[in-house]
Amino acid sequence: MLYAGIDVGAQSVKAALFDGQKMVGSVCTVTEEAADEAARAVYADLLQGVGIQRQDVEKVWATGWGAADVSFADGKSSEQLCAARGARWLLPAARTVVDIGAEGCRVMKLTPEGTLEDFANNSKCASGTGSFIELGAVYLKVPVEEMGPLSLAAEGAAEVSSTCAVFAESVIISKIHEGETRARIAAGIHRAAATRIVELIGRMGFIEDIILIGGAAMNPGLAKALEEMAGVPLRVPENPRVVVALGAAIQASLKRSRRGKSAS
Amino acid sequence: MHEIFARYAENRHEAVKKWKQETGKKVFGYFCCLTPEEILYAADILPVRITGTGEPLQQADLHVPPNSCAFARSCLDAGMRGMYDYLDGVVIPNSCDIIFNMEFFWRTLVPRPTKPAMIAGVDIKPYVHYINYPEKITGREVVPYYVEVLKNFKQDLERSLNRSITDDDLARAVSAYNQDKSQMKRMYEMRKSDPAGLSGYEAWQITYSSLLMPKDKHAGILKGYLDELESNGHKAPEGIRIYLSGSAMDQVNADIYKIIEESGGQVVSDDLCVGTRSFWYPLNEELPPLEAIARRSLGTACPRSTVTARIPENRWTHLLNTAKDFNIEGAIFYVLKCCDARLGEFPHLRDKLKTELDIPVLFLEGDYTSEGVEQMRSRVEAFIEMIEG
Numbered sequence: 001m002l003y004a005g006i007d008v009g010a011q012s013v014k015a016a017l018f019d020g021q022k023m024v025g026s027v028c029t030v031t032e033e034a035a036d037e038a039a040r041a042v043y044a045d046l047l048q049g050v051g052i053q054r055q056d057v058e059k060v061w062a063t064g065w066g067a068a069d070v071s072f073a074d075g076k077s078s079e080q081l082c083a084a085r086g087a088r089w090l091l092p093a094a095r096t097v098v099d100i101g102a103e104g105c106r107v108m109k110l111t112p113e114g115t116l117e118d119f120a121n122n123s124k125c126a127s128g129t130g131s132f133i134e135l136g137a138v139y140l141k142v143p144v145e146e147m148g149p150l151s152l153a154a155e156g157a158a159e160v161s162s163t164c165a166v167f168a169e170s171v172i173i174s175k176i177h178e179g180e181t182r183a184r185i186a187a188g189i190h191r192a193a194a195t196r197i198v199e200l201i202g203r204m205g206f207i208e209d210i211i212l213i214g215g216a217a218m219n220p221g222l223a224k225a226l227e228e229m230a231g232v233p234l235r236v237p238e239n240p241r242v243v244v245a246l247g248a249a250i251q252a253s254l255k256r257s258r259r260g261k262s263a264s
Numbered sequence: 001m002h003e004i005f006a007r008y009a010e011n012r013h014e015a016v017k018k019w020k021q022e023t024g025k026k027v028f029g030y031f032c033c034l035t036p037e038e039i040l041y042a043a044d045i046l047p048v049r050i051t052g053t054g055e056p057l058q059q060a061d062l063h064v065p066p067n068s069c070a071f072a073r074s075c076l077d078a079g080m081r082g083m084y085d086y087l088d089g090v091v092i093p094n095s096c097d098i099i100f101n102m103e104f105f106w107r108t109l110v111p112r113p114t115k116p117a118m119i120a121g122v123d124i125k126p127y128v129h130y131i132n133y134p135e136k137i138t139g140r141e142v143v144p145y146y147v148e149v150l151k152n153f154k155q156d157l158e159r160s161l162n163r164s165i166t167d168d169d170l171a172r173a174v175s176a177y178n179q180d181k182s183q184m185k186r187m188y189e190m191r192k193s194d195p196a197g198l199s200g201y202e203a204w205q206i207t208y209s210s211l212l213m214p215k216d217k218h219a220g221i222l223k224g225y226l227d228e229l230e231s232n233g234h235k236a237p238e239g240i241r242i243y244l245s246g247s248a249m250d251q252v253n254a255d256i257y258k259i260i261e262e263s264g265g266q267v268v269s270d271d272l273c274v275g276t277r278s279f280w281y282p283l284n285e286e287l288p289p290l291e292a293i294a295r296r297s298l299g300t301a302c303p304r305s306t307v308t309a310r311i312p313e314n315r316w317t318h319l320l321n322t323a324k325d326f327n328i329e330g331a332i333f334y335v336l337k338c339c340d341a342r343l344g345e346f347p348h349l350r351d352k353l354k355t356e357l358d359i360p361v362l363f364l365e366g367d368y369t370s371e372g373v374e375q376m377r378s379r380v381e382a383f384i385e386m387i388e389g
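Residue numbers (this note's numbering), protein chains in the order written: chain P, 1 to 264; chain L, 1 to 389.
Do not rely on the hints blindly, as some may be mistaken.
Unchecked claim - List of simulated lysine to aspartate or glutamate pairs, DMTMM-like, C-alpha gap at most 25 Å:
id: 1; chain 1: P; residue 1: Lys-109; chain 2: L; residue 2: Asp-351
id: 2; chain 1: L; residue 1: Lys-324; chain 2: P; residue 2: Asp-118
id: 3; chain 1: L; residue 1: Lys-352; chain 2: P; residue 2: Glu-117
id: 4; chain 1: P; residue 1: Lys-59; chain 2: L; residue 2: Glu-388
id: 5; chain 1: P; residue 1: Lys-109; chain 2: L; residue 2: Glu-388
id: 6; chain 1: L; residue 1: Lys-18; chain 2: L; residue 2: Asp-123
id: 7; chain 1: P; residue 1: Lys-109; chain 2: L; residue 2: Glu-365
id: 8; chain 1: L; residue 1: Lys-352; chain 2: P; residue 2: Asp-118
id: 9; chain 1: L; residue 1: Lys-185; chain 2: L; residue 2: Glu-365
id: 10; chain 1: L; residue 1: Lys-337; chain 2: P; residue 2: Asp-118
id: 11; chain 1: L; residue 1: Lys-352; chain 2: P; residue 2: Glu-113
id: 12; chain 1: P; residue 1: Lys-255; chain 2: L; residue 2: Glu-238
id: 13; chain 1: L; residue 1: Lys-258; chain 2: P; residue 2: Glu-113
id: 14; chain 1: P; residue 1: Lys-109; chain 2: L; residue 2: Asp-88
The hints are simulated quantities; they were obtained by calculation from the structure and are not laboratory data.
Next comes chain P alone, as it looks inside the complex (with noise of 0.2 Å):
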């Protein structure tokens, strides 16, 4: 029996499909349209990639920010709930899940049997998530997948203050005319954005396995930063963008009915 989740991010729309043993199919798209055209069309790609029609399909699940729009979504889940069962699923040993979208950013504590303890958000501001690494990336003139690779090169970091993207924003320009290496910028960058992550991690305990998750995971650099402020070690699975996706599907799975909600 086949199972899909729908991710609608505040960027990307993302799709996976589980068949209750292995993922056998995803897909990311960058999107600009309304949350529910979006993920129709991320959805008939993911049918066309796998080879399959919708009638093959069991049940369709929805999270993320645009969950409430997916019109054919059969019920949906928070993404905190979905990251903790696509990582979970992914390592079996995860405590910890760290999630780094475009402009949010939830660390998830987990049970030792895997359901899910506790949470923690970033509040109204954008630092600490992957918009606030893009925004760094427009100032440096730098492709922001280069980004990472660049703040690796660096030796040291320069120093860019955590506590507001639009701050961040005016000291790296100042920076740039300081004559800082575009490098140590980048790695100022990360460990700015680090920075605050890391305080969520710390607020549900450090406790290890530790997963990383999301589309900012894909940035080398930023992982790098975390490991490195954290302490500890952290787990970066093979595409990490989906796994909220992932877990949407196999929240699928899980639910047999909806539970009964208010009418309201």
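Chain P is already provided as a structure; the job is to place chain L on it using the hints.
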């Protein structure tokens, strides 16, 4: 929902103005659940709690620093904009650090309807009354000291109003307050069942209107309404049983109750000042009325930042008892930014809840706007889903 409670919750200013016009009586505004409002009631005055607007500040930001409580700033802004022009006086107790500053701000910045009556440099008919609530609320000297403070306040009122407030007036007020408190307790009792007898939002509307209506009238309407609910077996939508803790919960952020309900939860009790703290502590009718009022005010478990013990034991005791009596499954702390009193006690209460009762806790940082409340939705959903397992 009873239409009177809903009317007060939806447009408090219009409702109070209408009452004032119909009765021709005086209305005083006050801050904080520590206020000895019973004395106002005894003087035939309607005490109404001052709340803010949640709108961007228009005037207060010139006077109050931005890194202070958004609720207090918004209240002052509403006053400066003339939204409280129907008040005949304002009472401000020495409660948290920002509220006690409101005495100065309100006196100097908010237009008053009456002229000061200056005698030898002293305004003998003040518009803003200050209650010097003691810093230290325990110890032998506290009650006699505070009774003295209340006596002075009573005399100030008598001078301002050209009338006397007798012990009979005070006893009448104490009894009216107790009647309303017992109906409010009864309303909370009904929420102990599963599903609760009333939803969190309904309970909030009833509590909020109790801070804006004369207590005898409120008690009467509430009694009738609860009788009706009981006889037709009314139940709130089922949900994970939530304890709500936090800062001032007024019409700006009360949507949090609806968001919790829509996410599959139901608020069944709280420790809010627009909540249990406004009625939980009955007045002892055996005591001289002023002493009974003083003891009620001193006994109110408020997290104001100026208390001597950083985390008073009574805050935890209330939480512990409520968690057990109301079968709490999760606690949501919805605390406004810069609410020092709340933020100071939060880590302590959170850790005790988790370790002693194994109750999960969600912390939400409010900014006193309704959009800010809406942004909490996804975290509330995730929290309730986490408890559902």
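Hint check results:
no. : hint                  : verdict
1   : Lys-109/P x Asp-351/L : holds (16 Å)
2   : Lys-324/L x Asp-118/P : holds (21 Å)
3   : Lys-352/L x Glu-117/P : holds (16 Å)
4   : Lys-59/P x Glu-388/L  : holds (21 Å)
5   : Lys-109/P x Glu-388/L : holds (16 Å)
6   : Lys-18/L x Asp-123/L  : violated (30 Å)
7   : Lys-109/P x Glu-365/L : holds (20 Å)
8   : Lys-352/L x Asp-118/P : holds (15 Å)
9   : Lys-185/L x Glu-365/L : violated (29 Å)
10  : Lys-337/L x Asp-118/P : holds (22 Å)
11  : Lys-352/L x Glu-113/P : holds (23 Å)
12  : Lys-255/P x Glu-238/L : holds (20 Å)
13  : Lys-258/L x Glu-113/P : violated (32 Å)
14  : Lys-109/P x Asp-88/L  : violated (54 Å)
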